[in-house]
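Read off the chains here:
2 protein chains.
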Amino acid sequence: MKSIEGDEISGMEKYYRINLINSLVGFKSLNLLGTASTDGVTNLCIISSAFHLGASPPLLGMIIRPEREHNDTLRNIRSTGQYTLNNVLPGWYTQAHQTSASYPSGVSEFDVCGFKKKYIDGFKAPFVGQSTVGVGLELREIIDIEINGTTIVIGEVIQILTGDGVISEDGFVDHTKAETMTVAGLDSYYLPRLVGRLAYAKPGIEPHLLKDNADYRI
Amino acid sequence: MKSIEGDEISGMEKYYRINLINSLVGFKSLNLLGTASTDGVTNLCIISSAFHLGASPPLLGMIIRPEREHNDTLRNIRSTGQYTLNNVLPGWYTQAHQTSASYPSGVSEFDVCGFKKKYIDGFKAPFVGQSTVGVGLELREIIDIEINGTTIVIGEVIQILTGDGVISEDGFVDHTKAETMTVAGLDSYYLPRLVGRLAYAKPGIEPHLLKDNADYRI
Numbered sequence: 047m048k049s050i051e052g053d054e055i056s057g058m059e060k061y062y063r064i065n066l067i068n069s070l071v072g073f074k075s076l077n078l079l080g081t082a083s084t085d086g087v088t089n090l091c092i093i094s095s096a097f098h099l100g101a102s103p104p105l106l107g108m109i110i111r112p113e114r115e116h117n118d119t120l121r122n123i124r125s126t127g128q129y130t131l132n133n134v135l136p137g138w139y140t141q142a143h144q145t146s147a148s149y150p151s152g153v154s155e156f157d158v159c160g161f162k163k164k165y166i167d168g169f170k171a172p173f174v175g176q177s178t179v180g181v182g183l184e185l186r187e188i189i190d191i192e193i194n195g196t197t198i199v200i201g202e203v204i205q206i207l208t209g210d211g212v213i214s215e216d217g218f219v220d221h222t223k224a225e226t227m228t229v230a231g232l233d234s235y236y237l238p239r240l241v242g243r244l245a246y247a248k249p250g251i252e253p254h255l256l257k258d259n260a261d262y263r264i
Numbered sequence: 047m048k049s050i051e052g053d054e055i056s057g058m059e060k061y062y063r064i065n066l067i068n069s070l071v072g073f074k075s076l077n078l079l080g081t082a083s084t085d086g087v088t089n090l091c092i093i094s095s096a097f098h099l100g101a102s103p104p105l106l107g108m109i110i111r112p113e114r115e116h117n118d119t120l121r122n123i124r125s126t127g128q129y130t131l132n133n134v135l136p137g138w139y140t141q142a143h144q145t146s147a148s149y150p151s152g153v154s155e156f157d158v159c160g161f162k163k164k165y166i167d168g169f170k171a172p173f174v175g176q177s178t179v180g181v182g183l184e185l186r187e188i189i190d191i192e193i194n195g196t197t198i199v200i201g202e203v204i205q206i207l208t209g210d211g212v213i214s215e216d217g218f219v220d221h222t223k224a225e226t227m228t229v230a231g232l233d234s235y236y237l238p239r240l241v242g243r244l245a246y247a248k249p250g251i252e253p254h255l256l257k258d259n260a261d262y263r264i
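From first to last, the protein sequence lines stand for chains B and D.
If you count the first sequence from 1, position 104 lands on 150 in the numbering used here, and the numbers rise without skipping.
If you count the second sequence from 1, position 133 lands on 179 in the numbering used here, and the numbers rise without skipping.
These are calculated hints, taken from the structure and not from any lab test.
Incorrect hints may appear among the rest.
Repeated chains share a single entry, so a pair holds when one copy, or any two copies, can fit it.
Said to hold, decoys possible - Computed cross-link-like contacts, BS3-like style, restricted to lysine-lysine with a CA-CA straight-line distance of at most 25 Å:
1) Lys-223 / Lys-162
2) Lys-48 / Lys-170
3) Lys-163 / Lys-60
4) Lys-48 / Lys-223
5) Lys-162 / Lys-248
6) Lys-60 / Lys-223
7) Lys-223 / Lys-164
8) Lys-248 / Lys-170
9) Lys-170 / Lys-223
10) Lys-48 / Lys-248
11) Lys-60 / Lys-162
12) Lys-60 / Lys-170
13) Lys-164 / Lys-48
14) Lys-223 / Lys-163
15) Lys-60 / Lys-164
16) Lys-163 / Lys-248
17) Lys-248 / Lys-223
18) Lys-162 / Lys-48
19) Lys-60 / Lys-48
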């Protein structure tokens, strides 16, 4: 067992610390964040900070880091009030990673990284044509975190696009069928395999697999 | 392609909507959150909302839902200012899931779900003895989200415990070696396999694998 204390962390070499702290929480949700300016110039960047905030109303949160601001993302979200989150698949995850490169303002990562724009009537932000799960969100709240200059963006889900058969009978999005990837740290991409889907936990009852779990097992 | 609009979401059957919205972002970080009251009564609950907020200072965030409050977690964090996040392994993920059951206040999920408490000198909250990655945090900020009554808890990493060989040469936590699991939705547990670790992305340079990637490939 290795033990690291607080003052060792602050004394670490910068990139060692970035890799370490970024990978501490484990596997993270992986999404391409699509926006457009009021002039219709599109922007796409990969994020690993989207989180579920609540189902009623249906809310997702995400973190925007200060260095991302010059990439137009936050400005587009503020000005149009809409954005999309799209899953990442193994066939083109290297292209998704490439959207993290610092392209100049006004250059669309959809175009330079090879992504198809998909528009839905009445929704300003573009979806990723290659994705099998797309979520359209409307901005609800922006929270500035003073302690480190990051921004928490909270949006309400107003549009969901999925591949055929991806949503199970009980509403669960089957990310194995969708071929959704996950990421650890800044740069390591993974494909998960199901170990088990468990029944709702109650005190005094042994944890057990859901009845229909056989469909999902690896 | 299936398309769902906002008003269809609000009209959905409750558990269908909970399953759907909870699983939209893809795979989520999976951790056991350990706390203790000022009297030393311990508490453990499974969470899938921990996120990386920044490396300098080293900050992680997480969402605490309103119904969790009666589980003592938030009260313990407020009163002691410390908590731990611990990864979940396939050998005992069903026990980890069982911590989500509504045990009465004062009952320790460490004891009823079979987890070993591990204490570090000078740190009040217990780590999970069976985990291979443990993070000790000190409370920095609590943000109440009025829109749905949830709470964002932000803490600074002041202690890291890992199994031998889990931290790579460049600081990256190798969650394949650590056997860390991930979760989708409320109840589906997965084990990821590495597809590739990519080099830092720059405009005009083709995305490529890190040189030492061969060690990690599946």
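Verification of the hints:
In this homomeric assembly, Lys-223 and Lys-162 come within 25 Å of each other (Cα to Cα) only inside a single copy, at 21 Å, whereas the closest approach across copies is 36 Å. In the homo-oligomer, the alpha carbons of Lys-48 and Lys-170 lie at most 25 Å apart only across protomers (19 Å), although the nearest pairing inside one protomer, at 49 Å, exceeds that limit. In this assembly of identical chains, the alpha carbons of Lys-163 and Lys-60 never lie at most 25 Å apart, being 37 Å within a copy and 32 Å across copies at closest. Proximity of Lys-48 and Lys-223 under a CA criterion of 25 Å is satisfied inter-copy only: 14 Å between copies versus 38 Å inside one chain copy.
Only between protomers do Lys-162 and Lys-248 lie at most 25 Å apart by alpha-carbon distance; the minimum there is 21 Å, versus 45 Å within a single protomer. For the homomeric pair Lys-60 and Lys-223, the shortest alpha-carbon distance between copies (24 Å) is at most 25 Å, but the shortest distance inside one copy (39 Å) is not. Taking the shortest Cα distances, Lys-223 and Lys-164 sit within 25 Å of each other inside one copy (21 Å), while across copies they are farther apart (39 Å). Taking identical chains as interchangeable, the C-alpha atoms of Lys-248 and Lys-170 are never at most 25 Å apart, the minima being 44 Å within one chain and 28 Å between chains.
Taking the closest pair of Cα atoms, Lys-170 and Lys-223 never come within 25 Å of each other, the shortest separation being 28 Å inside a single copy and 43 Å across copies. Neither within a single protomer nor between protomers do Lys-48 and Lys-248 lie at most 25 Å apart by alpha-carbon distance, with minima of 35 Å and 34 Å respectively. In this assembly of identical chains, Lys-60 and Lys-162 lie within 25 Å of each other by CA distance neither inside one copy nor across copies; the values are 36 Å within and 34 Å between. When the C-alpha separation of Lys-60 and Lys-170 is checked against a cutoff of 25 Å, the pair qualifies neither within a copy, at 39 Å, nor between copies, at 29 Å.
Taking CA atoms no more than 25 Å apart as the test, Lys-164 paired with Lys-48 passes between copies only; the shortest distance there is 14 Å, against 48 Å inside one copy. In this assembly of identical chains, the alpha carbons of Lys-223 and Lys-163 lie at most 25 Å apart only when taken from the same copy (22 Å versus 38 Å across copies). Taking CA atoms no more than 25 Å apart as the test, Lys-60 paired with Lys-164 passes in neither setting, with 39 Å inside one copy and 30 Å between copies. Taking the closest pair of Cα atoms, Lys-163 and Lys-248 come within 25 Å of each other only across two copies (22 Å); inside a single copy the shortest separation is 45 Å, beyond that limit.
Taking CA atoms no more than 25 Å apart as the test, Lys-248 paired with Lys-223 passes in neither setting, with 29 Å inside one copy and 32 Å between copies. In this assembly of identical chains, Lys-162 and Lys-48 lie within 25 Å of each other by CA distance solely across copies; the values are 18 Å between and 46 Å within a copy. Taking the shortest Cα distances, Lys-60 and Lys-48 sit within 25 Å of each other inside one copy (20 Å), while across copies they are farther apart (45 Å).
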